[in-house]
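*Asks:* Sequence:
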Amino acid sequence: MGSFITAREVCQRLRDAALGVLAFNVCERPNAAGMVAVDIDGWSLLLDFADGRLHHCEHARTGDGRHGAFDTWQRYGTDPVSLLSTWELAQIETLLREATQP
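Position 74 of the sequence shown, counted from 1, bears residue number 73 in numbering that gives the first Met the number 0, the numbering being contiguous throughout.
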């Protein structure tokens with residue numbers, strides 16, 4: 000797969016952020032389409048976060064330039080967000096809500 004990040008790799012990054020193992024920082028507030036840019040310990044993620052709910056990960060890029068995208072992950076039948084447990088998803092949504100409130 001070379002320079003491609005799998006959905007499972009991105010999911011693990013989100014899990015580690017949910018557990019507080021890795022730093023989770025919102026880089027840009029949600030745009031009009033509900034996309035919010037975050038950094039998880041050097042990985043850049045673009046998350047679809049609208050109405051207080053995390054829907055999917057649109058794009059991810061590692062510090063060394065590997066990347067993955069929603070369209071590609073969907074081709075393989077999954078998205079990193081869909082692999083999270085209910086608790087992990089709730090934790091990430093809480094982090095996003097706290098960081099994006101005015």
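Take these hints with a grain of salt, some might be off.
Said to hold, decoys possible - Cβ pair distances, simulated, as ranges:
1) H66 <-> N24: 15 to 21 Å
2) R74 <-> R28: 17 to 23 Å
3) M34 <-> F3: 20 to 26 Å
4) G41 <-> A68: 25 to 31 Å
5) L18 <-> Y75: 32 to 38 Å
6) Q73 <-> Q11: 14 to 20 Å
7) P101 <-> G76: 34 to 40 Å
In case anyone wonders, no lab produced these hints; they're calculated from the structure.
For each residue, glycine too, the CB sits at the ideal point set by N, CA and C.
*Asks:* Between P101 and G76, does the C-beta distance stay in 34 to 40 Å?
*Replies:* holds, 37 Å
*Asks:* A range of 25 to 31 Å was offered for this pair. Does it hold for the Cβ distance of G41 and A68?
*Replies:* violated, 18 Å
*Asks:* Indicate whether the distance between the beta carbons of L18 and Y75 respects the range 32 to 38 Å.
*Replies:* Since L18 and Y75 have Cβ atoms about 25 Å apart, the given range 32 to 38 Å is violated.
*Asks:* Given the range 15 to 21 Å, decide if the beta-carbon distance of H66 to N24 lies inside it.
*Replies:* Given about 19 Å between the Cβ atoms, the range holds.
*Asks:* Measuring from beta carbon to beta carbon, are Q73 and Q11 in 14 to 20 Å?
*Replies:* holds, 19 Å
*Asks:* Could you check the hint for me, namely that R74 and R28 are 17 to 23 Å apart, CB to CB?
*Replies:* violated, 30 Å
*Asks:* Tell me if the beta carbons of M34 and F3 are separated by a distance inside 20 to 26 Å.
*Replies:* With a Cβ separation near 21 Å, M34 and F3 satisfy 20 to 26 Å, so the hint holds.
Violated hints, in rising order: 2, 4, 5; the structure is consistent with all others.
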